[in-house]
Structures are given as structure tokens and as C-alpha cells.
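There are 2 protein chains.
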Amino acid sequence: MAISLNLLQLHGNPSLPKFPNSNWLRPAVYFRAPARATVVMSQITPSYWAAINEDIDDHLRRVIIAKDPPAVYEPLGHFVFSAPRNSAAAMCIAACELVGGHRDQAMAAATALQLIYAATYTREYPPLTARGISNAAVVDRVYGPNIQLLTGVGIAPIGFEILAGSCDLSESGSERVRRVMVEMARAMGSEGWIGGQFKELEEVTAAEEVIEMTEGELHARGGACGAILGGGSEEEIEKMRKYGRIVGMVKGLSKKVFGGKENERKREKIKELKALAFKELEGFKGQKVDQMCNFFDFEGL
Amino acid sequence: MAISLNLLQLHGNPSLPKFPNSNWLRPAVYFRAPARATVVMSQITPSYWAAINEDIDDHLRRVIIAKDPPAVYEPLGHFVFSAPRNSAAAMCIAACELVGGHRDQAMAAATALQLIYAATYTREYPPLTARGISNAAVVDRVYGPNIQLLTGVGIAPIGFEILAGSCDLSESGSERVRRVMVEMARAMGSEGWIGGQFKELEEVTAAEEVIEMTEGELHARGGACGAILGGGSEEEIEKMRKYGRIVGMVKGLSKKVFGGKENERKREKIKELKALAFKELEGFKGQKVDQMCNFFDFEGL
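As you go down the protein sequences, you meet chains A and B in turn. Position one of the first sequence corresponds to residue 109 (the working numbering), numbered consecutively onward. Position one of the second sequence corresponds to residue 109 (the working numbering), numbered consecutively onward.
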């Protein structure tokens, strides 16, 4: 197993419980997240994508710090760090680098994408959410549904704050960030995740439609935002948006469990989507293109 | 009664039911909001503040339009337009004009503030919100709690989108908007409204503390954002922030119903706050200062 001590320290000990450790209560001590440890602990040698994930986690730990009062920041830390990693964040960094930008230019946006996802994930659990199903009896709860709901709502503005506070204050910096904020707001709102959740309420909606509006849209915006922040051309931005959307759909479909024949259809659809995706990478040059192609295969994403 | 036909048309007929009218279902037809009609229909002659409110309502109707699918945009319109008006939006416009800016420069931010408030208001109703109280039996519901909750969450990103998409694309325009986005995110999040709601969950918290974090903070950011967008100096921005905070506290305290002796203390506190507020207006010149002083007295705010 190719796991360095460094990685082990960074991602915590998987035997730790899924609760914030006591450090969380001490102001300005960063929270270590045990919940996502297994993802990097797989047998894959740390790669381009693992390094991106690590940088995003690191940035998240720097910006989401324990503050007073603990009644607010303890559940905040818990829910931010126990939400699964969403690969739209890595897509954002990779798209920035693909168009010739530096990783740091997209780091705040990538962190904001992960926070937007963590917010939706946190809001999913309480009884009486989108599904209208009370699953209070089956879900292991750390906090009451009122705390969980409030925290879920409170996570998203942090993403906007980090993003708005991130730029280099040059003319192009402010303008790019402003543009990225519009993209993020749409990924979150009724054209994106919330719209997808509304669709899910309709009984006749196909799972694919929901996945396109949620994971598809989040990854599409991730790709576009990365390309915007890395200084890509309009054509490159749109290619990264399309590539992102397809990647998001593949990721969403892969996670979704279908029964019988539907599963066969899902595998076909994924194959079809991958072929479409690679067409969007035509015209880009350099080593980064190969890495972008590997997006689908790295299981840590 | 000094009500022009124009005003009557703009604010709808108060005898209409509190539901979206059928126009809402037709794309690109603006929604007319009956719910807030009584506020402007009072016996006060339309003033500086009434005109500001009218402009904000008008802008809101231009940006929140009926679109497909109705399953998403019908509840969205309903909740945006039936939420009470929050005076932090008017504070934003007035602060912009006080520092020499034009109303249009602050209009998107004012609209975003009203949307942030409408979002919190919408999220308050479902059972299992901040208070943890199920009031399903007493609240008149138009939509199920899952729809109401999702809509509440979906309203806030629209505010960010409008704001981010609003600026004149000049260097100072982008930079001011970027700065305003940070203020807005904080007004919404754990340093603002959400933080106040968390405080409210603690039984020992004084009502004043909650009001300072919710209404106080929203109006403080309203004042600061208006001054930023109007091109005010740092000193002016901070004065408008302080003035806004006090106005917000007065507004919040006025709405809050206390019993017996507490009510007497509330009146004293409001008197004290007003005296403090007027000190923040020292140094400003022109007719707009008088109007700003009248903020407390116009009942439409």
C-alpha cells in the first residue's frame, strides 16, 4: 500500500469516530476530518487527482476554522467535513490548469463548490426535506433536525464569502470572480441543484434528468469556473462546461443504483457519455489533457 | 386619502387573495403582489421612502419573472412576493444616495437584501425549523413544507446572482460588487441571520441579542453596501454601517411584543438608540440627511 505518513496524518485515522474531535472546540485549531479518509486510503498511488483533492481539503481546513460560539461552529465543522467529497471541485482546479492557469487561482472557487455540495448534503438529512420522507428513525443523528437544517442553510454563504474575498483585486481578478459568482449561484439555485430537487419531487421524472440538473450542472459550472479563473478563452470555457457536465452525469449515474435491465442501460449510457466527453478535450494540448482524460478512472473522485 | 391610481395598480387590489394570480403561470408576465399592498395604502402621502419602496418592488418584479417549469417558479413567486418588505433594502438605497451615488447603483443590492430576507422568512414556516416547533396545524399553508423549504433555500442564490450580474463592468464597479457580496454573505450566514437563529435556540439568550444579529446586521450591511456602491469614503461606509445597525435594532425591537415592564424598557431602549443613531449622521450634508432622519418615522418601512 502506497500511503505516506503525511497522507495518513492529513486525512486522519479511519478508526476515529465520525464526530468532530475535541480540537474543534478550541478556537483557531483546525478540524481534522476522518469521514473521507477511506477515499484516499485506497490502493492507488497518489496521483494528480489525489494531490488536487489534498490541496482542496487543506484549503477547506484553513478557511473553516473553529470559532466561538461552539453552538454554531461545532455543527458547522461537523457537517462540512463529514459531507462526501464532490469531484466538481477537482474539475474546477483541473480546468483552470488545463487552460494554463495556476491552481491557486481556482482554489477558492473549488472550495466554494465543495461547500455548496456540503450544504445540499446537510439539508438532505432532516425529516421533511425534498423527499418529504421522515427518515428520523434510520439516520444516525448527531444534532437535532433544526440544528442540521440551519447549518445546511448557513454553509452556502460561506462559499460565496470565500469566493468574493479571494481575488487578487486586479481588474481582471474582480471581473472573473464576479462572473464565477453568477455561475455558482446558478449551480445552487433553481437552474441547478434546487431545480433538480424539485424535479425529483415529480414522480414521472427520469433519474437522468435529476442527475443532469444536480451533479451535471455542478460539474459543468466547476469546469467553466476553472477555465474562467485560469484565463481561458470563451471557447475553452464552453468546452470545459460541456466536459464538466458529462463528467458530472457519469459520476451521478455511477453512484445511482438501478435494478436489472436499467443497470445495463446505465452502463451503456456511461460508455456513450465518455465518448462524447473526450471530443470536448480535442484542441487542448500538453500533459494535462491526459490527466483530464483520467478523471473518470480515478476512484478517489 | 392621497393614493394615485398608479400606486393602486402597482400594488394590486387588497381584496385579492394572497395567492399568485393566473398571470404567474404565463412566462414573462410579471407577478403582481397583493400581500404588501396595505403598507403603501396607508394615509401617508407618498414620500421619499415610499418612492424607494416602489422602485425596489418594481425591480423585484422585473427580475423575478414567471418561467417554466411552474412547479418551481410558481412557489418561488408566491414566497418572494408574499414575504413582508424589509427596510434594510431601503436603507441600502438611501445610504447610496446620501454619499452622492445614484439610486440605480444600489438597486441590485437592495433587491438582493429583500430576497435574503424573503428566504429566511420562507424557511421559518415549515415545521421543524429553527424553533423546532411544529406549527403545521396553525399556519395557513399553500404548499407542502418540502416545497416551502426547498423554495426558501433556492431564493437566496437569486440575490447573489442578481448582484453579481449587476455591475457596470468598470474596474471600480466589479470591485465594489465583489466587496458587497462579502457583506451580503456575512449578513446571511453565521455572523448574521443564521447566527441569530442559532442564538434564539438557546433559552438564555436575550431578545436584543437575537435582534442585533438578525435585523441589526441586515440593516448594517444594507447601509454599508449602499455607501460602498455609491462611492462613499471608508469613513462614510462605517457611519452608514453603524446607522444601519441601530435602525435595524429599532425596527426589530418595535416589531417584538414584550409583556408588562419589558415593554417600558423597550420604549426606553428605542429612545436611547435613536439618539445614538443621529450622531452617526453628523458630517453628512444636504436634504438627504433630513430624509435619513425620517427613517424611523415612516410607517411603510
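Incorrect hints may appear among the rest.
No copy is singled out in the list; a pair is fine if it fits within one copy or between any two copies.
As the list claims (entries may be wrong) - Lysine to any residue pairs mimicking SDA-like chemistry, simulated, CA-CA at most 25 Å apart: (1) K350 <-> S190; (2) K175 <-> K369; (3) K396 <-> F386; (4) K175 <-> E310; (5) K350 <-> D176; (6) K175 <-> E317; (7) K175 <-> K393; (8) K175 <-> A314.
No lab work stands behind these hints: they were computed from the structure.
For this session: Output the numbers, in ascending order, of every earlier hint that fails for this structure.
Result: As far as the earlier hints go, 1, 2 and 7 are violated by this structure, in ascending order.
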